[in-house]
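Trainee: Line by line, the protein sequences give chains A and B.
The numbering of the first sequence is my numbering, which starts it at 1 and goes up by one.
The numbering of the second sequence is my numbering, which starts it at 257 and goes up by one.
There's no promise every hint is true.
Here chain B is said to cover these stretches of chain A; the calculated rule only asks that three of the stretch's residues, wherever they fall, bring their Cβ under 8 Å from a Cβ of chain B [said to hold, decoys possible]:
hint: 1; segment: 6-14
hint: 2; segment: 91-104
hint: 3; segment: 111-125
Think of the hints as simulated: they come from the structure by calculation, not from any bench.
Heads up, the beta-carbon is just placed ideally off N, CA and C, and yes, glycines get one too.
Residue-level listing of the chains:
2 protein chains.
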Amino acid sequence: MTRILLKITYNGKEFDGWQYQQNRRTVQGEIERALKSVHREFIRIHPASRTDKHVHALEQYAHFDTTLDIDPEKWSFILNNKLSGDIRIIESKEIDPEYHVRYHSKGKVYRYKMYFGEPSPFKYGLETHVKDELNIDRMREAAEYFIGTHDFTSFSSAKTVIENKVRHIYKLDIIETTNGLEIVIMGSGFLYNMVRIIVSYLLEVGKGNRNPESTKENIENKDRTQNPKVAPAGGLYLERIFLTEEEQGDYLKENT
Amino acid sequence: MTRILLKITYNGKEFDGWQYQQNRRTVQGEIERALKSVHREFIRIHPASRTDKHVHALEQYAHFDTTLDIDPEKWSFILNNKLSGDIRIIESKEIDPEYHVRYHSKGKVYRYKMYFGEPSPFKYGLETHVKDELNIDRMREAAEYFIGTHDFTSFSSAKTVIENKVRHIYKLDIIETTNGLEIVIMGSGFLYNMVRIIVSYLLEVGKGNRNPESTKENIENKDRTQNPKVAPAGGLYLERIFLTEEEQGDYLKENT
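With these hints in hand, go ahead and build the complete structure from the sequences.
Mentor: Put into structure tokens, the structure is as follows:
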């Protein structure tokens with residue numbers, strides 16, 4: 001048996017998320033269908049992260065086990081031939097059968113894209129349109145409070161069943177683009193909806209509806225109800241997954 | 257009765273083209289649904305051009321007649337509130353009830369977008385991926401033969417029922433972009449599939465499968481079967497429609 005690791009990118013617009021659901025188009029469902037057509041039997045795939053409906057991935061990892069004698073590097077080519085153009089396997093390789101990409105990976109980077117001006121049909125589902133003027137200095141001031149180790153109960157879905165809500169945020173950058181803004185957040189891990197609630201909170205700060213200084217108290221309150229709704233899924237990109245501490249360290253060095 | 261002209265843009269990816277079809281998502285169908293919900297009765301909309309399945313429009317025009325006493329400029333706002341993010345009414349205004357945007361407009365510009373390198377899920381349906389290396393000088397040489405007044409039987413769908421296949425091409429430019437190519441074609445009018453057949457022909461020339469010099473004979477043969485299949489719809493954008501000769505003249509002056 002060989003464990004194969006896939007590096008995957010997908011446009012989430014026409015997917016009901018990663019996780020398999022009957023009669024829905026999901027990323028897992030599409031890749032498992034491709035794997036089944038090669039193996040002639042069902043093969044389960046395990047992702048590093050289960051992205052939500054309409055969320056994109058610039059880099060996602062997933063692994064599966066195979067008994068077929070196929071060159072590990074060839075899997076990307078074989079599967080791409082069976083997948084639609086909105087998913088692409090960037091790379092495939094063999095990994096240690098003891099390595100589980102969800103439990104052993106070290107952290108992630110998400111990017112949230114938004115734009116100003118007239119709404120564009122060509123950005124629909126790919127970037128979030130913001131009509132308000134934003135005060136970026138205020139947003140950056142608020143962003144500082146998220147960095148470090150915190151209990152993120154206030155910034156995760158009330159439906160979260162995971163007990164330990166402490167996560168470490170390494171970086172939270174707000175980047176001005178030609179006609180918009182990108183929020184890049186790097187953390188040890190993220191709770192359900194956490195990035196999209198932090199983004200919508202920062203937007204409220206930028207619009208002047210929240211004070212940057214109250215962010216500390218907001219986190220300490222551990223109360224989800226005080227914070228705004230999640231930001232739309234279409235602006236969110238899973239950008240990096242660190243398979244090892246070394247990869248994470250290199251990213252931090254390159255991005256400081 | 258007031259005739260309202262709409263300037264429209266849409267991302268064609270999730271549309272089965274402009275023209276209404278039962279149980280299909282079409283641009284006409286979506287706009288007529290929005291108009292019906294305002295008028296409480298069916299209102300027909302007439303486009304300048306019926307774009308095919310998955311073809312995009314940066315600028316499309318269409319008009320409808322209304323007896324409602326609504327400020328003509330307000331229609332864009334009213335309809336945008338009822339339309340999905342992949343269609344957008346850029347502008348609305350009153351026009352002469354004798355003006356028919358399909359019969360009275362003077363010409364059009366189409367743009368075809370393609371890119372090289374690794375296929376990207378985020379360009380899927382928006383630009384056509386080309387894996388071959390292209391000789392752009394050869395393509396430009398072939399492009400010259402299309403300019404002027406010709407019978408374009410060789411470059412239109414065999415299904416075309418229109419008898420007069422003579423059209424005038426004003427410009428045919430091949431533009432290199434950061435990681436791809438755009439073909440911009442301006443004409444008095446276009447036959448069914450004409451732009452997409454010209455594009456696929458130029459790609460064959462670029463790949464070295466056709467000689468630029470044989471383009472003249474190819475046009476003169478008036479034989480559709482000698483030419484390649486249509487290029488994929490997702491790379492094609494209806495970019496401009498000239499409502500008057502003056503608009504067309506201005507465009508030519510600005511783009512020479």
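Trainee: With reference to the structure, classify each hint as holding or not holding.
Mentor: These are the hints, each one checked on the structure:
no. : hint    : verdict
1   : 6-14    : holds (count 4)
2   : 91-104  : violated (count 0)
3   : 111-125 : holds (count 7)
Consistency with the previously given hints fails for number 2 only.
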